[in-house]
Amino acid sequence: MRRHRLIIASLYIGAIFLGLGSAWLWLTRVGIAGVDAGAWRVNLLAGSQSADAYTRARIALGAVLALDRSETLYYTTQRDDRGEPLRAECLYKIEGAPPPARWWSITAYGQDHFLFPNAERRYSVGTESAQLDSDGQFSLMIGPLPANQRDNRSWIPTVGTGGLRLTLRLYNPDPTVQQSPGALAAPSITLIGDCP
Amino acid sequence: MNRLRIHISAAALLAIAVHVLSVWALPRLIMDRIITLGGGDAQAQSGPQASTGVYLPPPTDHTQRRIVMPSPDLLYATCAFDLREGPLHIRMDASYPRYWSIALYASTTDNFFVVNDRKNLGESVDLTLIGPRSTKSAAPGEILSPTERGFLLLRLLVNDDPAVRAVAEATRRSLRCEQPAPDRDPARAATPH
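Protein chains in written order, with the working numbering: chain A, 1 to 196; chain B, 1 to 193.
Some clues are possibly wrong.
[To be verified] Among chain B residues calculated to face chain A with C-beta under 8 Å, some are:
(1) Ser9
(2) Ala12
(3) Ser22
(4) Arg65
(5) Ser101
(6) Val114
[Unchecked claim] The following label-pair restraints were derived from C-beta to C-beta distances:
(7) Leu13(B) <-> Glu128(A): 50 to 60 Å
(8) Arg3(A) <-> Ser134(B): 55 to 65 Å
(9) Gln131(A) <-> Gly40(B): 38 to 48 Å
(10) Asp82(B) <-> Ala119(A): 34 to 44 Å
(11) Ala147(A) <-> His89(B): 49 to 59 Å
(12) Lys93(A) <-> Asp160(B): 19 to 29 Å
(13) Pro97(B) <-> Gln131(A): 21 to 31 Å
(14) Ala50(B) <-> Gly83(A): 25 to 35 Å
[Stated by the list, open to error] A few chain B positions that, by computed beta-carbon distances, are all more than 10 Å from chain A:
(15) Gly39
(16) Pro70
(17) Pro72
(18) His89
(19) Asp93
(20) Ala106
(21) Arg118
(22) Gly122
(23) Asp126
(24) Ile130
(25) Asn159
(26) Pro162
(27) Arg165
In case anyone wonders, no lab produced these hints; they're calculated from the structure. Note that the Cβ used here is the ideal one computed from N, Cα and C, for glycine as well.
So that you can see chain A by itself, here it is in the shape it has in the complex (with noise of 0.2 Å):
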C-alpha cells in the first residue's frame, strides 16, 4: 500500500516536472516565429498586445521591453548566410545598403544576451558609424578584434567562445518595409576564413 502510494506520488511529481521541463525547452528550443529576411528573422508580434502566449513568453526571456512593430522593427540572426550557426570565436563580414529606416543600427551580442566586453566600448554599427563606399554600402566586421584593428569603428569585437546573435533595428521603418517587412534587402552576413 505504501509502495503504490510512492508510485502515484512520483507519478504527480513527475507530471509537474514534465510540464515545467516541456514549457522551458518549447521557449528556448524552438525558434521564435517570424518574416525572414536573409538570414535575418523579424518577429511581428514583439510587444504586441495581439501576441499568442508563446510569442509573449519567448520575448520576455530574449527581448523584454521591446517595441511594437508600429515603432520599431527587430531583425534577428544566429545564423550566417550559409545557415551555420554565428560563435563568436569566428570572424564574420556584415554588408549591405542601409536598412530604410529613421535610424539602424546593428548590435552583437552574446549567447546570454548581453553584450560583449571590450576595452573599446564598440558594440554596434549604425546610422551615423556606418561607413559607406561609393556604392553607398556599408560594411562591418564581427569577430575577435587584432590589435591593429582597434581603431576600426566598422569592428565589433568578440570576446570568448559560444554562441553570437545579431540584432538588427530599425526604428520608424519606412512604410515599405512596414507594410512588408520579408522585403528588406537585408544586410548579408558571410564567414571569412576559417573558424576554430
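Given the coordinates of chain A, assemble chain B onto it according to the supplied hints.
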C-alpha cells in the same frame, strides 16, 4: 489497474496544465521583477532625483546585465507605476532634437502605448495614465493602461559626442512620473468604489 489508468490520465492533465500555466506566467513573473526592481531603483537614488519617480540607469555598456539585449545607442530612463495608487502624470521637456520615445508596458510585457519626438505635439510631454479600474473613460490626453502595474521606458538616441550626451542627460532628468497623494476627503473615503 483502472485506478492506475485514472492516475496516469490525471497526471497527464496535470503536466499539460503546468506547461500552459508556466508559459502564461513567465512573462508576468519577468515583468513583475522588472517593475519591482525599477521602483526600488528610483527610490534608492540620492538627492532630488529620488522624488521624481524616475530611475536614471548608467549609460549602456557591457556591464549592464539586468535587461537583456540593451541597445548601446540609447540612453534610458525608467518609471515603475502602480495605478492602484492613482493616475500617473508623465511630464518631460520634449525639445531634444534627436529621436526619443516614451513607451508604456503592461505587467504582461505588452507595449500598449508609445509616443516619440515626431508624434508629440509641443515642447513638452504631458500625459496622464489611468488604470483599468478607473470609473471614468480616458479623456483626451489620458491613456488607459490595461493593467494596474506597469513600466515606462524612455529612450533617447545618443552618440559619442559629449555635447549630445549632455543634452540627452538633461532631457531624461526632466522626466517626471508623479502620482498625486490620495484624496483624503472623509466623505469620498466612505464611498465604496
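| message | Quick check on the hint: Val114(B) CB to chain A CB, less than 8 Å? | response | At about 5 Å, which falls below the 8 Å cut-off, the nearest Cβ of chain A leaves the hint on Val114(B) intact, so it holds.
| Is it correct that the beta-carbon of Asn159(B) has no partner in chain A closer than or equal to 10 Å? | Not fine: 5 Å to the nearest Cβ puts Asn159(B) too close to chain A.
| request: Decide, holds or violated, for the assertion that all CB atoms of chain A are farther than 10 Å from the CB of Gly39(B). | output: holds, 15 Å
| request: Compute the least Cβ-Cβ separation between Arg165(B) and chain A, then decide whether it is above 10 Å. | output: holds, 13 Å
| message | Minimum C-beta separation from Arg118(B) to chain A exceeding 10 Å: can you confirm that? | response | Given a closest Cβ separation of 7 Å, the condition is violated.
| message | Minimum C-beta separation from Asp126(B) to chain A exceeding 10 Å: can you confirm that? | response | Holds, because the least Cβ-Cβ distance between Asp126(B) and chain A comes to about 20 Å, which exceeds 10 Å.
| query | Is 55 to 65 Å right for how far apart the beta carbons of Arg3(A) and Ser134(B) are? | reply | holds, 58 Å
| message | For the restraint on Ser9(B), tell me whether the closest CB of chain A is nearer than 8 Å. | response | With a closest approach of 11 Å, the Ser9(B) hint is violated.
| query | CB of Asp82(B) to CB of Ala119(A), is that within 34 to 44 Å? | reply | 41 Å Cβ-Cβ, so the 34 to 44 Å window holds.
| field | Ala147(A) paired with His89(B), Cβ distance criterion 49 to 59 Å | value | Taking Cβ atoms as reference, Ala147(A) and His89(B) lie about 53 Å apart, which means the hint holds.
| Do the Cβ positions of Ala50(B) and Gly83(A) conform to the proposed distance bound of 25 to 35 Å? | violated, 51 Å
| request: Kindly confirm whether 19 to 29 Å is satisfied by the beta carbon distance between Lys93(A) and Asp160(B). | output: holds, 24 Å
Checked against the numbered hints given earlier, the structure breaks hints 1, 14, 16, 17, 20, 21 and 25 and satisfies all the rest.
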